[in-house]
Amino acid sequence: MSNNNKIILLVEDNPDDEALAIRALKRNHISNEIVVAHDGVEALDYLFGTGIHTGRDITIKPTVILLDLKLPRIDGIEVLRRMREDDRTRLLPVVVLTTSSEEQDMLDSYNMGCNSYIRKPVDFIQFTEAVKQLGMYWLLMNEAPPI
Amino acid sequence: MKLETLVKLQGLCRDEAAFEQIKQILANEVQNWKQEINQAYFRVEQQKTLFRVITRLRETVDLETIFQDTAKEVRQLLQADRVGMFRFYPNSGWDDGEFVSEDVDPAFSSAMSQKIHDHCFGEQFAVHYQQGRIQSVADIYNSGLSDCHIRILSQFQIRANLVLPLLQGQNLWGLLCIHQCYAPREWQTTEIEFVSQIANHLGVALQHAELLADLRAEVMERVQAEQVVQSLNQGLQRAITELQAVNKELEAFSYSVSHDLRAPLRSIDGFSQALLEDCHDLLDVTGQDYLRRIRAATQRMGQLIDDLLNLSRVTRSEIHLESVDLSLLVSNICTELQQNQPERQVEFIIQTGLLVQGDIRLLHVLLVNLLSNAWKFTSKHSQAKIEFGMSNSNQVPIYFVRDDGAGFDMTYINKLFGPFQRLHGMNEFPGNGIGLATVQRIVHRHGGRVWAEAAVERGATFYFTLVAERADEQ
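Top line first, the protein sequences correspond to chains P and B.
For the first sequence, our numbering gives the first residue as 1, with consecutive numbering after it.
For the second sequence, our numbering gives the first residue as 1001, with consecutive numbering after it.
Please keep in mind that the hints were generated in silico from the structure rather than gathered at the bench.
Be aware that a few hints might be false.
Negatives, chain P to chain B, calculated, CB over 10 Å [claimed, not checked]:
(1) 14
(2) 20
(3) 39
(4) 51
(5) 59
(6) 128
(7) 136
(8) 144
Some chain B residues judged to face chain P by a derived CB distance under 7 Å, without partners named [said to hold, decoys possible]:
(9) 1266
(10) 1273
(11) 1302
(12) 1383
By construction, the Cβ of each residue, glycine as well, lies at the ideal position given by its N, Cα and C atoms.
Put together the whole structure using the sequences plus the hints.
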């Protein structure tokens, strides 16, 4: 798969954070398709072709999932759990991108099988830098699982 | 004497008169022997009774039982009319008392449960009895007793009286009284010796009883004290549980408050920066300046939220005491400070091997605060020196962090540890004034105290202890 076909799934409920994340990706010349899910339900709908994403070709999988933990309806840990339970999504890289600094959340995320845990900084410049490095790593350097 | 023996004797005698004489002599001898046998028999019975009394003393501690059984046995042995144990009322000066135990021939009245008052006894007789005197009266009407004394005794039909002291240690506790009623009686020496021994052993029983009563009282006191302690503990436990619950709630509350406060901060900061970048051409210098100030303010607020959260955690978290190597902590923190700003030239003088009992997490926060301050306030100097060590004063270790940087004016020393209090402008040195308040709280939680000395542009030294000093040292 060439770089341009790689999809980023951004799971974020805060519209400001969503706008800023997308802006940060774009400013770093990451022009891949960004799919936004506003809570855990939408995220699972996208991954498994249910609900609002019924009929989507789910063999087309995102290259990396940026996952916030604090989501309405179904939260990030639960999304992670269901992803890791299903063979179709078990190997997909998940970067937890969250405001939480609670050790328990970090433990739960890693226990549930996330690949990376990033705390969102308040400082936007730091945030942009973090997003840029994320993008570079997961989209360019990292070898995606062959599924 | 057997008839055969008599006939033999008669045959041996010269004549009838001699035989009569011999019979008389023999009869006297037999009489003597009978007396001696009776006395021996009496002594054996005495010893048996004494033995029973002593054995009982060893088995029972119940005074009532001891007195009752002893009275019965003594009366039986002596064939007296009444044997009684008389007890003086305490603090009556030995003038008042009553019989607390007796064994009496049914033909005569009981002497028990009647208050007896003899106004002469305390003054005249008590001291003699205390020294072991025994009164042996064969006939109360013929012994030179005072009229009032005779009156008291005849109340109980007493005609002959044998009285011995019952001594509880040095104290004249009461009297052992043997009475013969309505007829006089000469008390025999053997009898007097016997009841003397009985009285002695009863004295021992009295001492034991007193010891036991004291012991019981003490045990009761201790049991009650223990119960008080237990109920106090229960109250304390309840208070602790409540406190823990409140703390947990507070923790959850502050966490979610700080968390929710950060979200809009991110938006403010992010979009201000976005404005600066995307609308650069539309903004003049003033506009750009305003946006930069907005960003700076939001970042300060973010830091403030973090610091406040830390401060409240310091107050609420449980202290886990263990042995902490302060020198090692300081070393690590200084290494990190240097790594973050490798261009700065700072000399670190760290005393090694300083171990202390404390909470490692809290002590880490304390040292980070003090050392970050030292690092920050020496940042305007091209070269700086930061020291950490310990001095012993009055046997309580005093630790210090010293720098040779900007220092502060000692006039404002009172504000130094107040939250949000700053002694420098924001433009001189950044900070929100929580650091030292946190330091103070951590030191106080360990039971110590913190203070500082400084001069403007001549550096500052922060001293702290981690254990309570004795009151007379402060």
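Comparing the hints with the structure gives:
1. Some Cβ of chain B comes within 10 Å of the Cβ of residue 14 of chain P; the nearest lies about 6 Å off, and the non-interface call is violated.
2. With a least beta-carbon separation of about 4 Å from chain B, residue 20 of chain P fails to lie farther than 10 Å from that chain, contradicting its non-interface assignment.
3. Here residue 39 of chain P stays apart from chain B, with its beta-carbon at least about 16 Å from theirs, past the 10 Å limit.
4. The claim that residue 51 of chain P lies off the interface holds: its Cβ sits roughly 26 Å from the closest Cβ of chain B, which is beyond the 10 Å cut-off.
5. Distance to chain B confirms residue 59 of chain P as a non-interface residue, since its nearest Cβ pair spans about 35 Å, more than 10 Å.
6. Residue 128 of chain P, annotated as away from the interface, has a beta carbon of chain B within 10 Å; the closest lies near 8 Å.
7. Taking the minimum C-beta to C-beta distance to chain B, about 20 Å, the non-interface status of residue 136 of chain P holds against the 10 Å cut.
8. A cut-off of 10 Å between C-beta atoms confirms that residue 144 of chain P is not in contact with chain B; the least separation is 29 Å.
9. The interface hint given for residue 1266 of chain B is met, as the beta carbon of that residue sits about 5 Å from the closest beta carbon of chain P, less than 7 Å.
10. About 4 Å separates the beta-carbon of residue 1273 of chain B from the nearest beta-carbon of chain P, less than 7 Å, and the hint is met.
11. Among the interface hints, the one on residue 1302 of chain B holds; its C-beta lies about 4 Å from the nearest C-beta in chain P, closer than the 7 Å criterion.
12. At its closest, the beta carbon of residue 1383 of chain B sits 31 Å from a beta carbon of chain P; the interface hint therefore is violated under the 7 Å criterion.
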